[in-house]
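K.L.:
Guided by the hints, dock chains B, C and D onto chain A, whose structure is given.
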Amino acid sequence: MSAPAQDWNALSDDDFRKVVRTFFTTHYPEHLRYSPSRRRLSDMRGWYDTLSQHGWVAPSWPTRYGGMGLEPGKLVVFIEEQEAYGVARVPDHGIIMVGPLLIQQGTDEQRLRYLPKILTGEEIWCQGYSEPNAGSDLASLRTEAVLDGDHFVVNGQKTWSTLAQDGTHMFMLVRTDKMARKQEGISFLLVDMTTPGITVRPMRTLSGHEEFCEVFFDDVRVPKENIVGEINKGWGVAKALLSFERLFLGSPKLAQSALSRLSTLAVLSGRVRDPVFRDKFTALQLDVDDLNGLYRRFTAQVSDGEKLGPDVSILKIWGTETFSRIGDLIVEVSAGAGMIDGPSDFEGGSFDTLSTFYNARPSTIYGGTNEVQRNIVAGNVLNLPST
Amino acid sequence: MSAPAQDWNALSDDDFRKVVRTFFTTHYPEHLRYSPSRRRLSDMRGWYDTLSQHGWVAPSWPTRYGGMGLEPGKLVVFIEEQEAYGVARVPDHGIIMVGPLLIQQGTDEQRLRYLPKILTGEEIWCQGYSEPNAGSDLASLRTEAVLDGDHFVVNGQKTWSTLAQDGTHMFMLVRTDKMARKQEGISFLLVDMTTPGITVRPMRTLSGHEEFCEVFFDDVRVPKENIVGEINKGWGVAKALLSFERLFLGSPKLAQSALSRLSTLAVLSGRVRDPVFRDKFTALQLDVDDLNGLYRRFTAQVSDGEKLGPDVSILKIWGTETFSRIGDLIVEVSAGAGMIDGPSDFEGGSFDTLSTFYNARPSTIYGGTNEVQRNIVAGNVLNLPST
Amino acid sequence: MTKTSDLSERRQQQQLITESAAAFAKRELLPSALRSGSISHTRWQGLAELGLMSLLIPEDAGGLGLKIGDLVPALEQLGKPLLREPFIASAVLAGVVLAGSGTPKSASLLESLAEGVLIPAVAWQESYDLAGDHTSTKLSKENGGQNLSGRKILVTPGDEVDGFIVAASGAGVTTLVWVAANAEGVKVETRRAADGGEAATVHFENVAVTDDDVLSVDGAALLDEAQQLATIAVCAELLGLIRGAIDMTMDYLRTRKQFNRTIGSFQALQHRATDLFIQQELSAVAISRAVADFEMATDSRTRAIAASRAKARLSSAALIVTKEAIQMHGGIGYTDEHDIGLYLKRALTLSAWLGNAAEHRARFARLTLGEAA
Amino acid sequence: MTKTSDLSERRQQQQLITESAAAFAKRELLPSALRSGSISHTRWQGLAELGLMSLLIPEDAGGLGLKIGDLVPALEQLGKPLLREPFIASAVLAGVVLAGSGTPKSASLLESLAEGVLIPAVAWQESYDLAGDHTSTKLSKENGGQNLSGRKILVTPGDEVDGFIVAASGAGVTTLVWVAANAEGVKVETRRAADGGEAATVHFENVAVTDDDVLSVDGAALLDEAQQLATIAVCAELLGLIRGAIDMTMDYLRTRKQFNRTIGSFQALQHRATDLFIQQELSAVAISRAVADFEMATDSRTRAIAASRAKARLSSAALIVTKEAIQMHGGIGYTDEHDIGLYLKRALTLSAWLGNAAEHRARFARLTLGEAA
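Chains as they are written, first to last, in our numbering: chain A, 1061 to 1447; chain B, 1061 to 1447; chain C, 52 to 424; chain D, 52 to 424.
It should be emphasised that the hints constitute simulated quantities derived from the structure, not laboratory data.
Label-pair ranges, simulated between beta-carbon atoms:
| hint | chain 1 | residue 1 | chain 2 | residue 2 | range |
| --- | --- | --- | --- | --- | --- |
| 1 | B | E1090 | D | A222 | 43 to 53 Å |
| 2 | D | E422 | C | S91 | 49 to 59 Å |
| 3 | D | A74 | A | G1133 | 26 to 36 Å |
| 4 | C | D302 | B | A1144 | 38 to 48 Å |
| 5 | C | D111 | B | A1144 | 34 to 44 Å |
| 6 | A | R1081 | D | A343 | 17 to 27 Å |
| 7 | C | L81 | A | R1081 | 50 to 60 Å |
| 8 | A | Y1094 | C | S91 | 36 to 46 Å |
Just so it is clear, CB atoms sit at the ideal spot from N, CA and C, and this is done for glycine as well.
The following block holds chain A by itself, in its conformation from the complex (with noise of 0.2 Å):
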């Protein structure tokens, strides 16, 4: 199925970056580059089938479970070419948080019944942390699991769950003990979306997507061993992908590209020679290189075997943050074009001013608010006393 395992790590950094570029301008769609809004799976799905082909889709997994296992540099190496040919993200909480995570805390029988099926893109995996009532306070999530038999029976209703209407495969945090204090009596469980009682509603957000969904539980019944980790200790299990997510959260993906899309503008609208231009540009440009350097501060830890701390949320501070800068840049510079939905046409060619900014919103936000994170950082890192 996927080509030999390769030791990418062998090679110079220059030669990667080679391999990368030529990987993607000989397989990547021209029509899918420089997409300004997360892409569906329908439109990924053929890349994914040549990532999968190429044991391309996990650069980050060590190669005996089939990822590439590229080192910290070499991963850096790959996401700054993804971003500079304009790669779009396939749907990749499979990717991403479930394979590190079953890899570092699951059974031998989950790691072979689910890894193989994210690498062939059979099963597209979506997540299920928050609640209406708990957005950013996931310990007061209320969705309950009830263990019936060989069962989990969950009901209740997740939310903010990220293109779920594609996904085959859920990961969630359910109350297992409801007389149990908050962070405890929390289960980390995997659910087949097929399974009856699930509902998914997709939300609409501002930028006119259907990006994030609703996703109501009646009655679903689970099997018991789809639990990850041991019963009520799902805090513990989601805290560790919640630094997972935290680094990716804070990958200077975003910020990198729509960096790339607020020089593209300069040119095309004549602003790159306007002096207060240049200056607000490098203020910027020197925001994403020092995010660059706080990458890969973080990601070199994580490939030494350490653990991350909690200073990792200023990683998706100061990405977030910036990355919304430079969209407010972007709508700056596009001055009367940046009342516009959708491309507009500039003499060099046609851009869309409001996407980057419709993007960097929610960015602030999901993955616990930036509030949430500087309160962490406060209390933990600072150790200031609590409020």
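P.N.:
Here is chains B, C and D on its own, set in the frame of chain A:
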């Protein structure tokens, strides 16, 4: 003693402006113009006398008490001209704080006893609010006054008393009932600084000036009749004064004069033609213009006989933070000269690059830190629940 | 004494207008109307019945002859629940041009506008930049008649529009002509605006223009005045929008619970809420100053400074406030299901239209500091 | 494998240097030393004994031949308690010029520097602006000898200085010459810097320069390299300063009580504290990147980009952090009695010296985006 009262408000704004301008150009000493930091009494004594002789000491007091009786519009003209000509403040706590307070809440005896000597400059007032452990948290103050016959006996320590070393009198808050809850049991007292038991220790500030003092009280006997308002009701008296103070602290004077200094530097350094500078300068110019607008709105409220609400805190926040941003830009524009204390030589003349920056530092702290002001607005204007 | 009684008379009249606008807003307007995307002719008629269409029109042109300061508080009321109809584009920008034109054609158009049966648009813009070149559209004499050719962009409103006032270069001057939307040679391509409305790119290809259609042979000054008025009017709508967004957000902060607490009790949010309130109050005073300066102005430079002063503040404040409003609402604020997002979309549209904050700051700098190096 | 063991050897050496610098800092340095205003010759000697003076000097010039990356962590240690001595100005900026000169004169000066008995300064600057004109000082041949005339400003250190390396325009090139502080025709006017140190305006009036005093006839590239190195070194000191200011402030927030609560428990302050921590971490990565780029650089443009990248971040972060530190300390922070104010003063000095944030951003833009319109 003072010239006969005149109806300044009958003049048109333009005419009044001409009168004021002529007054300053005729009388104000050239060497005291555009003083980068607060002037001591010894420097300003001559000018105080001049103001006194012409009845110009108290622009905002009613004419029947010896003030100029200016309505808000005229007062703004007065302040604008003062700033434009670079007229320094005389020690003005008596004029700005004590006068209006006694006019509003004092007894006839107090008015008769104290107001004339403020107008002549014979008596100079300083403030005794803050204490080492009650900075912005005035309700926590501990300096106590115990009634002993016809006198209060005062013991304790005040701090951040501006230019107390030049003061002949202090208006202060003291605790007169230790059993009462925090904001109750506080009284408002007028104290002669020559009373035995008072020690004044000037503190050197960051900018190297002795602008504030600590004042120690050791069994200081203050006549009972020196209380303003009722005993144990000093918090209400002080609050009335605090909104005066906020209005005063939010006056555009500081920001306006800092902006003039920035303009001067822009010309001296040649940066006036730099588009990046112009962009930043214009933003600040508009910030100061809107600060002026805000100030006029609140002063108009006062002159219409309305009480100032808690929303006046925004004036203090915006005024001092605009001032601070201007100080930052002055340092930035100074380039290498931004490392030098005191005047630096530029081709067109000399310029003190750091004084505005230094002066901006305490402005966001004194008179209730901007953090406290934001708490006030959130709680009392926006009605957000208490933390 | 005359001065004072004039003032109080004016204040009474303003209050009357404001109150009727507020009543209309309460009765007829809902932010969610933006979702439908289309202009309501009933609401348009309603605005006409309030007398708003002719408020700024001089009495000798059949209007009420009031000033921009009289309109501002009413627009604030309409902006608060996000008026979707192109009042400013059609009644202020186009209306003021028509009123200043004084031809039989403009008189009849103005009458239809006042009756609420006409939706005109001014087509002046050719570059996205306020300070860009907008003079490529040409009016040329040919075969005895006149011919209009060129392309205008961001024409607002771009849908349901009955005709355009087009600014064209004639014999060395800017001539304003009327072109019906259905005239031969006119092609309208609509572009969806952020707020769901439509702006249009309008192509004019050899469109025949009769002498009757010429609204002003040398119309640059007239157009300029109308633009500055419209810019201040947009600021008033934005101020209403800011108040609406802040009210909605403070309500949310007072009721939404997370971590077992009302989120409005979190001090970090309280301090940021205060900063939004400051933006609102600065916006209000910036408009007051601009209105006062505009009404006293006797030259176009002063009018432009007044307009830029207000728009620089309001365009910026509206975006600061609505972005923070989304953040404070959290996830729900990013869905199209909650109205707070509509405030952001409308803010994006009105902030950019007629020049964004950076453009107006630059123009203010140019006019007050002189040209840059 | 060689690469890895080289790396770990380098890391060990760095650690050694850092630890001895940390021990020295703990033993000898206190922020309050800034108040005295004067250079301590004991501490200067101490720095020499640590071997820091010759760390960057190539082995063939008698130094340790290490790289900027080896010095950075040590400077961070020295910067944290606010080293007052002009290590960077004299040992880095002047030291590197002397090492690159290779004349008998420079060798002997270098030796004195390494022994801690010489305090040299580089006099290169004539305008406050980094990008200004610094070439009016002239070296001219007269009566067989050479003569130096001109004026240099912001010469650091400006007090206790033994001599100056002066950059002068000779025959179409920048020539670097040594001038003893007490030479005839030299007039030094000191200016108090924000941190209490002294910078000087130095006037050279027909100062006689012997052939021996010429350190480099065509020395522009050498001076440039030394400046970029010194700029990165200043950043390392600033990073230490930032860490020191944040530590002191967090301590204060954890202990100071107001309104019956530890002030560090107020969420608004917590969020702002997080933002300061972010500035600190960004500063650290900005320096790492600059060091890596600098060490790999083979041309002056790359070196200048590396230096500007770091200084743009550090100058800005240091002021953000120290200003907030004062605000968080409240009134006590504004008195000269609390050390936190010294952090602000030192930050002001080092942020401006060798170019402030705005100047370095502009240079970065020029070098990466090309000249502006």
